[in-house]
Amino acid sequence: MRAVTGNEHAADLVKRMEDENLLINRVDSEDRVSWYRFHSLFGEFLATRLAQREPDAVRELHCRTSRWFAGHELLAEAVRHASAGGYLEFAAAVIEHSAPRDVES
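Counted from 1, the sequence shown has number 8 at position 8 by my numbering; the numbering is strictly sequential.
Among the hints, erroneous ones may be present.
Unchecked claim - Computed spacing ranges between beta-carbons, pair by pair:
id : residue 1 : residue 2 : range
1  : Ala99     : Leu50     : 19 to 25 angstroms
2  : Glu89     : Arg26     : 31 to 37 angstroms
3  : Arg37     : Ala99     : 26 to 32 angstroms
4  : Glu18     : Leu88     : 30 to 36 angstroms
5  : Arg49     : His9      : 19 to 25 angstroms
6  : Ala99     : Ala57     : 27 to 33 angstroms
7  : Ala99     : Leu22     : 40 to 46 angstroms
8  : Phe42     : Ala11     : 17 to 23 angstroms
9  : Thr48     : Ala99     : 17 to 23 angstroms
10 : His97     : His9      : 20 to 26 angstroms
11 : Asp12     : Leu46     : 17 to 23 angstroms
12 : Arg26     : Leu46     : 29 to 35 angstroms
13 : Ala11     : Glu89     : 26 to 32 angstroms
Because the hints were derived from the structure by calculation, they are not lab data. All C-beta atoms in this analysis are idealised placements derived from N, C-alpha and C, irrespective of residue type, glycine included.
Starting from the given sequences, assemble the full structure and let the hints guide the process.
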């Protein structure tokens with residue numbers, strides 16, 4: 001969370017939001033990393049508000065998110081965020097990196 005938001009207290013804030021049931025839910029997953037999701041209307045509101053107030057910040061968040069996902073070998077998510085942020089060269093690099101090195105006939 002800190003890698004994407006730049007806020008060193010991001011994990012504490014998410015934990016507090018979860019504890020106080022503030023429009024955030026833990027996603028059931030077998031991953032080693034905990035996943036959270038905003039209530040859909042709240043997430044849509046935040047995304048719209050950010051896009052209106054700071055459109056360049058949206059691209060930067062997609063870039064940071066893409067790099068975090070790529071660093072954790074979550075390649076589909078990395079490509080999705082890179083594409084959403086307009087970082088097509090990075091998306092292509094992630095795809096190339098994930099391709100098998102040797103293909104046997």
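Verification of the hints:
In this structure the hint that Ala99 and Leu50 lie 19 to 25 angstroms apart at CB is violated, the actual value being about 34 angstroms. Taken as a hint, the range 31 to 37 angstroms holds for the pair Glu89 and Arg26, whose Cβ atoms sit roughly 34 angstroms apart. A C-beta distance of roughly 30 angstroms is found between Arg37 and Ala99, which places it inside the suggested range of 26 to 32 angstroms. Separated by about 35 angstroms at the C-beta atoms, Glu18 and Leu88 satisfy the suggested range of 30 to 36 angstroms.
The beta-carbon spacing between Arg49 and His9, approximately 21 angstroms, falls within the hinted interval of 19 to 25 angstroms. Against the hinted window of 27 to 33 angstroms, the Cβ-Cβ separation of Ala99 and Ala57 comes to about 32 angstroms, which satisfies the hint. A hinted range of 40 to 46 angstroms holds for the C-beta pair Ala99 and Leu22, which are about 42 angstroms apart. Between Phe42 and Ala11 the C-beta distance comes to about 19 angstroms, which sits within the given range of 17 to 23 angstroms.
About 36 angstroms separates the C-beta atoms of Thr48 and Ala99, a value inconsistent with the hinted range of 17 to 23 angstroms. Here the CB-CB span from His97 to His9 is close to 32 angstroms, at odds with the stated 20 to 26 angstroms. Separated by about 19 angstroms at the C-beta atoms, Asp12 and Leu46 satisfy the suggested range of 17 to 23 angstroms. For Arg26 paired with Leu46, a C-beta distance near 18 angstroms fails the hint of 29 to 35 angstroms.
At about 31 angstroms, the CB distance of Ala11 to Glu89 agrees with the hint of 26 to 32 angstroms.
Hints 1, 9, 10, 12 from the earlier list are contradicted by this structure; the remaining hints agree with it.
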